[in-house]
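Undergrad: Here the protein sequences come in this chain order: A and B. Positions 1 to 264 (the working numbering) are the ones given, in order, by the first sequence. Positions 1001 to 1604 (the working numbering) are the ones given, in order, by the second sequence.
Just so you know, these hints were derived from the structure itself, not from any lab. Ideal Cβ positions, reconstructed from N, Cα and C, are used throughout, including at glycine. Check the hints yourself; a few may be wrong.
[Claimed, not checked] Which bits of chain B does chain A cover? Going by a derived footprint, with three or more residues having C-beta under 8 Å, they are:
#	stretch
1	1040–1050
2	1127–1138
3	1241–1253
4	1512–1521
[As the list claims (entries may be wrong)] So, partial list: chain B residues that the calculated Cβ filter (under 8 Å) puts toward chain A:
#	residue
5	Glu1101
6	Gln1102
7	Trp1103
8	Asp1108
9	Arg1109
10	Lys1114
11	Arg1141
12	Ser1209
13	Trp1210
14	Glu1211
15	Phe1272
16	His1358
17	Gln1359
18	Glu1362
19	Gly1524
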Amino acid sequence: MSTIKSGTAERRIFKVWRGDRTGGQLKEYSAEITPGMVVLDAIHQIQATQAGDLACRWNCKAGKCGSCAAEVNGKPRLMCLTRMESLPEGEVTVQPMKSFPNMRDLVTDVSWNYEVNKRITPFTPAKKGSRGVAEDGTFRMMQQDVDRAQEFRKCIECFLCQNTCHVIRDHDKKEVFAGPRFFARAASLEMHPMDTADREPFLKHQGGIGFCNITKCCTEVCPEHIQITDNAIIPLKERLADTYYDPVVKLFRWIFKGGGGTSS
Amino acid sequence: MEIQTYEHDVLVIGAGGAGMRAAIEAADAGSSVGLVCKSLLGKAHTVMAEGGVAAAMGNVDDRDGWKVHFADTMRGGQYLNNWRMAELHAKESPDRVRELEQWGAVFDRTKDGKILQRNFGGHRYPRLAHVGDRTGLEIIRTLQDHSVHKSQISVYMECCIVRLLKDGDRVVGAFGYFRERGRFVLFKAKAVVIATGGLGKAFEITSNSWEYTGDGYALAYAAGAELLDMEFVQFHPTGMVWPPSVRGILVTEGVRGEGGVLRNKDGKRFMFDDIPENYRNQTAKTEEEGWRYTQGDKTAMRPPELLTRDHVARCINREVKAGRGSPHGGVYLDISWIKERIPNAREYIKKKLPSMYHQFMELGGIDITIEPMEVGPTTHYTMGGIRVQGDTQMTSVPGLFAAGEAAAGLHGANRLGGNSLSDLLVFGKRAGEHAAAFAKAQGAGWIDEKEVASSQSWALHFMDAPKGDENPYKVQQDLQKMMQAQVGIVRKEEEMLSALEKIQQIKERALKVQAPANREYNPGWHTCMDLTNLVTVSEALTRCAIERKESRGAQFRDDYPEKSKEFGGLNMIIKQGPDGAMQLRREPTKPLPEELQQIIKDMG
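Given only the sequences and the hints, what does the whole structure look like? Please build it.
TA: Structure (structure tokens):
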């Protein structure tokens, strides 16, 4: 049965970042630890007993909504999936995600992500008469052909990958870079068997996928274990290389597009 | 303090599946739409829906069709359903699902490339379109990505409504606050759709998040709308029970749909011991037959684990109370046993139930491909809610609409799994359509500034001029514990009468709660305001549960353990009286038209 055993409760020290956009500091609290407890439980306990206005986002508490992303002992994690037993003994520090502007305590302003999302061309379905579209307009797609798109659609938008990506975290390239979350979203559309839109110009220009140098930090922090780098970013980069830099493809396109360029 | 003001044709409160679907429909009808979410967009409880969306497309079993789905829904709801809603739902859900596919949803596939459908409790044929065990996420993301490209929709995130505003009889706007800075906001609107979900947070053990404090019910009630059959709260049979911190988190019915079985501590499949009369000819006689059903054998009947949720929850409760439970007060749910039947069972389970695999691995320290899970009932869903007209989803208050879990009628006394995702698509669309039409026919209403001012000072007094020093978190916890113990899965008159008294005491305490004086993202302050709603809905629920002196669907009364013919034809209606007190009346259900009665008979 469960490896989580009942035991005597202990108290542990938490250092939680309190503050807002003007600055702040770590403040010390303590929480009683029960078996199987996660960091989010401790934050709730602190809220209910010691700091009623401690700001934190959360919803499902089961790793499905992606609301409670934070940095626990310096590591970007979902608080609801971080078990206390998994942390080394001693104090636990809980800080907000570093790459987004702070609003209050553990809550950051992630609105930039929602803006990026709007810039991605939506799903554009194939019409009747196309291959894979039945008489009644419904799709015929084989499971193996949608497996890959489904992998990216597991994303719960916790934005931990965005927070961790050094292009955003260290270089703050938000103006010219969409980030791993949205490369995965673009990939889910590009690899959808029934989609007809072309997002390559977006990825190359506004999306700035070229800034990614495949350090795989995004993949490491993904709580859904999506292979963002290997399955989304690298194949997209390869497509762009084919489209924009392969001389044969370039010539081929030039001929069939009546001399039109490939860049947009 | 200046109040930000926005004006829309249609204001949708709540941005789960129903709210987003309503917003899309209203926008497509040419309305300007304000979409208010209590959390960030895309985080609503719809993401927690796991098993699938029920739609009689007949992709897996061509014997399925809307008539069977209609009959299943009515049987599951013990015939207290609004039959018109059950009819529309069964007829329209296939189109709503196919439409999602056109918007980019990627459902699991059949061998011939169509949308795959799976078995679920109370559904006669495999009917649930799904994506592994994360169907709700797929639906919410599809609706979200579809709606963000519509310029007519303005999204107001982390915004909470505390009052609906009326001009005479008609709803003309809403007042609320943005959680981020604590600034107040006034929405002027010609029509308002409530899609705020349920009230799970009235109970201690629940699959619902902090948001589900019954806001929509309380807002509609205060605006003069009627609430219907609030006693019917679904206790999902399988929530996690161990460790304590995850108690209540949902374990999808999909586990049982894929062949998972329930056993007590003696290893017995206790569900075979108690099969209700009206399901006897639809239930497997042997374990072997049940297994064949889950594997698609059309000649086999479903295993008793796939009986309706109310019944399975009660059976689990009985096993635990009789001392036959698991070490942490649940029973065993085992999917790992299928390795005796199929090759590569481990990979199959991980593919079909990926979220469950991770949930138990990461939160429970259990590998479900090797060991059984421990599960027990958890408060999951509200069948009751705001009373609406079946076709339009309008409430008894002009200009006020409701859809999804916030609305009542479709599910009667018990909801079938999978019928909530289809509910929110079918009736979200209808609410959006009719709200837009209503808005078109109306001029802008008059906003009562005094009402706005009084709402604002009410909101602020918890910080500026509290009437006491009660801790809002503590009062909320006390309410939840009390409701769990006294108005939970097994109910008794005397316990509920005492609960009603305690609710009055909690109501007094809720007036005296205090929050630290800080307007910015202050969950303590927000809890003060949510608590008011929670108290109102707890009272409505308890009053209805006392009045219904029978056991039917989700309501189980220890003192009235049988169904009663009299109550089988009665709905419970809650409305605010002229003196402000809560009033309850019984109302006879509308008789089914001949042709629908015939369908139910034919489907036996």
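Undergrad: Now tell me if each hint is right for this structure.
TA: Now the hints, each set against the structure:
Against chain A, the stretch 1040–1050 of chain B contributes 8 residues with a C-beta closer than 8 Å to a partner C-beta. That satisfies the three-residue criterion, and the hint holds. With 5 residues bearing a CB less than 8 Å from a CB of chain A, the stretch 1127–1138 of chain B meets the requirement of three and the coverage assertion stands. With 7 residues bearing a CB less than 8 Å from a CB of chain A, the stretch 1241–1253 of chain B meets the requirement of three and the coverage assertion stands. Look at the stretch 1512–1521 of chain B against chain A: 5 of its residues bring a Cβ nearer than 8 Å to a Cβ of that chain, three or more, so the hint holds.
Below 8 Å, beta-carbon pairs count as interface contacts, and glutamate 1101(B) has one with chain A at about 6 Å; its hint therefore holds. The closest approach between the C-beta of glutamine 1102(B) and any C-beta of chain A is roughly 5 Å, which is under the 8 Å cut-off, so the hint is satisfied. The interface hint given for tryptophan 1103(B) holds, since its Cβ lies 6 Å from the closest Cβ of chain A, which is under the 8 Å cut-off. With a least beta-carbon distance of about 7 Å to chain A, the hint placing aspartate 1108(B) at the interface is held under the 8 Å criterion.
At its closest, the beta carbon of arginine 1109(B) sits 4 Å from a beta carbon of chain A; the interface hint therefore holds under the 8 Å criterion. Because the beta carbon of lysine 1114(B) sits about 7 Å from the nearest beta carbon in chain A, less than 8 Å, this interface hint is met. With a cut of 8 Å, the hint placing arginine 1141(B) at the interface with chain A holds, because the nearest CB-to-CB distance is about 7 Å. A hinted interface residue such as serine 1209(B) counts as satisfied when its beta carbon comes closer than 8 Å to some beta carbon of chain A; here the least separation is about 4 Å, so the hint holds.
With its C-beta approaching chain A no nearer than about 7 Å, tryptophan 1210(B) sits inside the 8 Å limit, and its interface hint holds. A least Cβ separation of about 7 Å between glutamate 1211(B) and chain A falls short of the 8 Å threshold, and the interface hint therefore holds. Interface restraint check for phenylalanine 1272(B): the shortest CB-CB distance to chain A comes to about 24 Å, outside 8 Å, so the restraint is violated. Restraint check, histidine 1358(B) versus chain A: the minimum CB separation of about 7 Å is within 8 Å; hint holds.
At its closest, the beta carbon of glutamine 1359(B) sits 6 Å from a beta carbon of chain A; the interface hint therefore holds under the 8 Å criterion. About 5 Å separates the beta-carbon of glutamate 1362(B) from the nearest beta-carbon of chain A, less than 8 Å, and the hint is met. A distance limit of 8 Å between C-beta atoms decides the matter here; for glycine 1524(B) the minimum to chain A is near 3 Å, and the interface restraint holds.
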